[in-house]
Amino acid sequence: DAGVTQSPTHLIKTRGQQVTLRCSPKSGHDTVSWYQQALGQGPQFIFQYYEEEERQRGNFPDRFSGHQFPNYSSELNVNALLLGDSALYLCASSLRQWGGQGWTGELFFGEGSRLTVL
Amino acid sequence: AQSVTQLGSHVSVSEGALVLLRCNYSSSVPPYLFWYVQYPNQGLQLLLKYTTGATLVKGINGFEAEFKKSETSFHLTKPSAHMSDAAEYFCAVSDGGMNTGFQKLVFGTGTRLLVSP
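The listed protein sequences correspond, in order, to chains A and B.
Counting from 1, one number per residue, gives the positions in the first sequence under this note's numbering.
Counting from 1, one number per residue, gives the positions in the second sequence under this note's numbering.
Simulated from the structure, these hints should not be mistaken for lab results.
Small disclaimer: the values here were computed from a predicted structure and weren't measured.
Among the clues, some could well be false.
Unchecked claim - The calculated lysine to any residue pairs, modelled on SDA-like cross-linking and capped at a C-alpha distance of 25 Å, are: (1) 13(A) to 40(B); (2) 49(B) to 83(A); (3) 26(A) to 117(B); (4) 49(B) to 40(A); (5) 49(B) to 20(B); (6) 49(B) to 57(A); (7) 58(B) to 108(A); (8) 58(B) to 3(A).
Unchecked claim - Estimated spans, in silico, between C-beta atoms of each pair: (9) 62(B) to 12(A): 22 to 30 Å; (10) 53(B) to 118(A): 48 to 56 Å; (11) 18(A) to 14(B): 43 to 51 Å; (12) 9(B) to 60(A): 19 to 27 Å; (13) 41(A) to 77(B): 20 to 28 Å; (14) 55(B) to 20(A): 24 to 32 Å.
What the hints assert, rightly or not - Covered stretches of chain B, as calculated for chain A (at least 3 residues, CB under 8 Å): (15) 37-47; (16) 103-109.
Note that the Cβ used here is the ideal one computed from N, Cα and C, for glycine as well.
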């Protein structure tokens, strides 16, 4: 059973360029969340997709956008790249389910896409 | 807003010694709390979680954590460290409790555990 897969694993871009990162969720999962992990920091929540719609969003500018496809895979797009966008971008999938007292569904993380902006 | 503070960016222990990684949280709603481990060049793996009920939570690889509401703490412990435990450990709180569930998490800055022979 394949886990969460992300591509590419590494990429280098220059300021002002645009980047697209891809994520395939774990089999059976329907929800994809994206996190940014800067060097030496904990992951920060970017947004979450469920049923092809953005459901929750963190404190990130509109330069960060995403998409979820009917097969539950997802893309993260970042426009007008800044040096500060250099980070490890983590995709996490889960199965959205109501656990009686909240939305449960453990996050399973991919190994990430390391973006370097020069 | 919810937040997490992890005391100590690095913790060093000898193999066989007690592991204690500290986490304090701030939450305006009943928290869901998590510990994740990250090995080099890998994603995060869930060690354990607290939602409701028993305050002592047991996880994988012999780790456990105790939720102490009065101290707003969720420290991670392991009685005897193993070389394979060397990794980065992150404490996280659900940003919104039951409303946002397990998916929207606020992470601490992490603690790197070093284990010496």
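Going down the list of hints, with the structure as the test:
Distance restraint check for residue 13(A) and residue 40(B): the Cα-Cα separation of roughly 23 Å lies within the 25 Å cut-off, and the hinted pair is therefore satisfied. This hinted pair does not check out: residue 49(B) and residue 83(A) have alpha carbons roughly 35 Å apart, beyond 25 Å. For the proposed pair residue 26(A) and residue 117(B), the alpha carbon gap of about 37 Å is over 25 Å, so the pair is violated. Our distance criterion of 25 Å between C-alpha atoms is met by residue 49(B) and residue 40(A), whose separation comes to about 23 Å.
Taking the CA atoms of residue 49(B) and residue 20(B), the gap is about 16 Å. The hint holds against a cut of 25 Å. At roughly 23 Å between alpha-carbon atoms, residue 49(B) and residue 57(A) fall within 25 Å of each other, so this suggested pair holds. For the given pair, residue 58(B) sits about 19 Å from residue 108(A) by alpha-carbon distance, which is consistent with the 25 Å threshold. A distance of roughly 24 Å separates the Cα atoms of residue 58(B) and residue 3(A); the hinted pair therefore holds under the 25 Å criterion.
For the pair residue 62(B) and residue 12(A), the beta carbons lie near 40 Å from each other, so the given range of 22 to 30 Å is not met. At about 50 Å, the beta-carbon gap between residue 53(B) and residue 118(A) stays in the expected band of 48 to 56 Å. Taken as a hint, the range 43 to 51 Å holds for the pair residue 18(A) and residue 14(B), whose Cβ atoms sit roughly 49 Å apart. Remark: the range hint 19 to 27 Å for residue 9(B) to residue 60(A) is upheld by a beta-carbon distance near 25 Å.
One distance hint, 20 to 28 Å for the beta-carbon pair residue 41(A) and residue 77(B), holds here, with the actual separation near 24 Å. For the pair residue 55(B) and residue 20(A), the beta carbons lie near 44 Å from each other, so the given range of 24 to 32 Å is not met. Using a Cβ-Cβ cut-off of 8 Å, 6 residues of the segment 37-47 of chain B lie near chain A, which meets the minimum of three, so the contact claim holds. Only when three residues or more bring their CB closer than 8 Å to a CB of chain A does the claim for the segment 103-109 of chain B stand; here the count is 7, and the claim holds.
Hint compliance for this structure: hints 2, 3, 9, 14 are broken, all remaining hints hold.
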